[in-house]
Amino acid sequence: MGVVLKVMMRAGADTMGDPTQAHCVAIDARSPLYDGGICTRIDAVSLGIVVNREAKRFYDEGEDFWPKRYALWGRLVALQPGQIAYSIIDVKSVGRFMPAVFENIKADTLPELAGKLGLDPDVFMQTINEFNAACQPGTFNHTIQDDCHTKGLTPEKTHWALPIEKGPFFGYPVRPGVTFTYFGLTTDEKASVFFDGKASPNLFAAGEINAGNVLGKGYTAGVGMSIGTAFGRIAGTQAALAAQKIKEGSSHAIA
Amino acid sequence: MQSLESLTREAQGLAGATEHSITWHSKGLSANESEVARQMQICNACRYCEGFCAVFPAMARRLQFDSKADLNYLANLCHNCGACLHACQYAPPHEFAVNVPQAMAKVRLETYTDFAWPAAMGSLYKNNGLTVSLATAFGLALFLVLTLLVTGKLVHEPLAGNFYAVFPHNTLALMFGAVFGFSILALGIGVTRFWKEITPGAASAAALGEATHNVLGMKYLDGGHGQGCNDEDDRFTLRRRRFHHLTFYGFMLCFAATSVATLYHYVLGLQAPYAYTSLPVILGTVGGIGLLIGPAGLLWLNLRRSPLHGDAAQKPMDRAFIVLLFAVSLTGLALLVWRDTSYMALWLAIHLGVVMALFLTLPYGKFAHGIYRTAALLKWSIEKRQPNKLALGGD
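Line by line, the protein sequences give chains C and U. The first sequence maps to residues 1 to 255 in the working numbering. The second sequence maps to residues 1001 to 1395 in the working numbering.
No lab work stands behind these hints: they were computed from the structure. Cβ atoms here follow ideal geometry from the backbone N, Cα and C, with glycine treated the same way. Honestly, I wouldn't trust all of these hints.
[Stated by the list, open to error] Quick list of simulated restraints, FRET-style, between CB atoms:
#1 U:Pro1387 to C:Asp64: 25 to 35 Å
#2 U:Pro1387 to C:Gly138: 24 to 34 Å
#3 U:Ala1203 to C:Asp64: 34 to 44 Å
#4 C:Gly138 to U:Asp1066: 29 to 39 Å
#5 U:Leu1279 to C:Thr229: 55 to 65 Å
#6 C:Thr20 to U:Pro1387: 39 to 49 Å
#7 U:Asp1233 to C:Asp108: 48 to 58 Å
#8 C:Gly12 to U:Arg1242: 53 to 63 Å
#9 C:Ile144 to U:Ala1031: 41 to 51 Å
#10 C:Ala230 to U:Pro1093: 28 to 38 Å
#11 C:Ile144 to U:Asp1233: 41 to 51 Å
#12 C:Ile144 to U:Pro1387: 15 to 25 Å
#13 C:Thr20 to U:Pro1093: 24 to 34 Å
#14 U:Lys1027 to C:Ala230: 50 to 60 Å
[As the list claims (entries may be wrong)] Computed list of lysine-lysine pairs in DSBU-like fashion (alpha-carbon distance at most 35 Å, straight line):
#15 C:Lys106 to U:Lys1196
#16 C:Lys198 to C:Lys217
#17 C:Lys56 to C:Lys217
#18 U:Lys1389 to U:Lys1106
#19 C:Lys106 to U:Lys1027
#20 U:Lys1384 to C:Lys106
#21 C:Lys116 to C:Lys106
#22 U:Lys1027 to C:Lys166
#23 C:Lys92 to U:Lys1196
Start from the sequences and build out the full structure, keeping to the hints where you can.
This is the structure:
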């Protein structure tokens, strides 16, 4: 991965973007190394809690609807120790999120689930108990931003906070899945690659390698495809024009 | 023990659907059903194919794929159009190896086999090329021998197209009526049991109307976008749908010709042969031409189909049925052309032999796909009108 980018960097092409930013989705940790694709996403995050490998929560799972949180949660998991986290739900959430491609990890009790996930049962139970105690009464509705939230937790869960208490309990191991990074080659509106601040007359880049020129952080559905399509056309046109110019130049020289 | 088991199955087959249900479910998921379940779990987490056909929205109403009835329902809902395979990022060589049309095709053969009546006859679906060949040999031999027994020769003085000079009308009506009646009964029992297993609920007029429209228009060979399905590659074409229509409506016109002729005979007292300009002959001729072009086209497409589509082991069944339909119309038209010559009896025997083979194999061959698929499509039209218990949130 990134082979062409590395070749271009060695050749002295100008780079841009934050190497830590990417379109990075929270996916099942058991996914294939490459091309796991859309089906590996874990969609249960907003319904329960997410803990890191220390069995502690680290972000507001109820901040927004899950489909809008894909990009954020991939990066959040990437910043956790070991780049792994665990989405934990109880039986109440079954049928309220998009099915997962791999079987859930299931247990009748929470300590048993901690054991199966390789988490410290004592810390895990402390996290769960604190969360459950902080859940405020409300009217649960996972299709709107409801009023079920926690009070007195760090971090709070601001919507869809229901105590995790009714077995069986389920866990999904979550890892960051990189769709593409925002670190790439500097290009201009003609998709020209730059060397020492100067646009190359005959080298153009499009796709993942120049997406960072448009995207700084975050992600909107379809924007990666749009960048690829638009700059693909532009780069192709410019490359053809450059080739024509070279050809004309050489035939002129012969004449 | 094998014979005892088959006797038990037969007895249970005769006893009705409840016993059938018990034996069917006690078998657990077959390897092919488990493979469909594995693939559906992947598809249900992806859902990019929801616009292609009814399989994917039906799948999306489920979270688990552990029921034989559900898996057989989904399998028979699949038209093997190939659209999802060509669109799939998880198709081979991806390690998930998703090939929905192929997995579904393998389960469909199990549906036909498991629901066949009498149960022991279900094995005829396997090695179906042999089944159809033997039925054809039997049909041809039967009518050629009968012709010789009745007339003493195959070539005769011209009889002005009078078939009944060779075989009396009532003899033919009895023979074909009995075989056709049995075929309808066998298919009827099979599909009724299938219907009970997939527990569809009551059909509203709207559901019935939609299912009828989907069957008669072969809606799900349109690829979901109207440009058609895949044959040998990524390209969408309407060829398969059109050849299918020619075959289906050709078959129905031929059936209508026979029905009209039966009315002529019994109600109006008009005896065959009928003039070239009469309704039965026009219906039969137009239908026969459709039933020549349609199967010829389907065979051509079948030979060129992407090897990833469907189940290669079922190709003999597909092709045997296609060729048999082609032979029925070819010999029927030949009989029409030469009915005034010395070769009428010969062509009559050949045509009747081929038709007999078709009727005999209706409940134990490719014909069954239309019956079970119609049932699955009706269930889908009912199911989609029922409230969806799942609320998985938007995507």
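So, going through the hints one by one against the coordinates:
{"no.": "1", "hint": "U:Pro1387 to C:Asp64: 25 to 35 Å", "result": "holds, 28 Å"}
{"no.": "2", "hint": "U:Pro1387 to C:Gly138: 24 to 34 Å", "result": "holds, 25 Å"}
{"no.": "3", "hint": "U:Ala1203 to C:Asp64: 34 to 44 Å", "result": "holds, 42 Å"}
{"no.": "4", "hint": "C:Gly138 to U:Asp1066: 29 to 39 Å", "result": "holds, 34 Å"}
{"no.": "5", "hint": "U:Leu1279 to C:Thr229: 55 to 65 Å", "result": "holds, 59 Å"}
{"no.": "6", "hint": "C:Thr20 to U:Pro1387: 39 to 49 Å", "result": "holds, 46 Å"}
{"no.": "7", "hint": "U:Asp1233 to C:Asp108: 48 to 58 Å", "result": "holds, 50 Å"}
{"no.": "8", "hint": "C:Gly12 to U:Arg1242: 53 to 63 Å", "result": "holds, 59 Å"}
{"no.": "9", "hint": "C:Ile144 to U:Ala1031: 41 to 51 Å", "result": "holds, 44 Å"}
{"no.": "10", "hint": "C:Ala230 to U:Pro1093: 28 to 38 Å", "result": "holds, 31 Å"}
{"no.": "11", "hint": "C:Ile144 to U:Asp1233: 41 to 51 Å", "result": "holds, 46 Å"}
{"no.": "12", "hint": "C:Ile144 to U:Pro1387: 15 to 25 Å", "result": "holds, 19 Å"}
{"no.": "13", "hint": "C:Thr20 to U:Pro1093: 24 to 34 Å", "result": "holds, 33 Å"}
{"no.": "14", "hint": "U:Lys1027 to C:Ala230: 50 to 60 Å", "result": "holds, 55 Å"}
{"no.": "15", "hint": "C:Lys106 to U:Lys1196", "result": "holds, 33 Å"}
{"no.": "16", "hint": "C:Lys198 to C:Lys217", "result": "holds, 26 Å"}
{"no.": "17", "hint": "C:Lys56 to C:Lys217", "result": "holds, 26 Å"}
{"no.": "18", "hint": "U:Lys1389 to U:Lys1106", "result": "holds, 30 Å"}
{"no.": "19", "hint": "C:Lys106 to U:Lys1027", "result": "holds, 27 Å"}
{"no.": "20", "hint": "U:Lys1384 to C:Lys106", "result": "holds, 31 Å"}
{"no.": "21", "hint": "C:Lys116 to C:Lys106", "result": "holds, 8 Å"}
{"no.": "22", "hint": "U:Lys1027 to C:Lys166", "result": "holds, 34 Å"}
{"no.": "23", "hint": "C:Lys92 to U:Lys1196", "result": "holds, 31 Å"}
The structure is consistent with each of the numbered hints, conforming to all of them.
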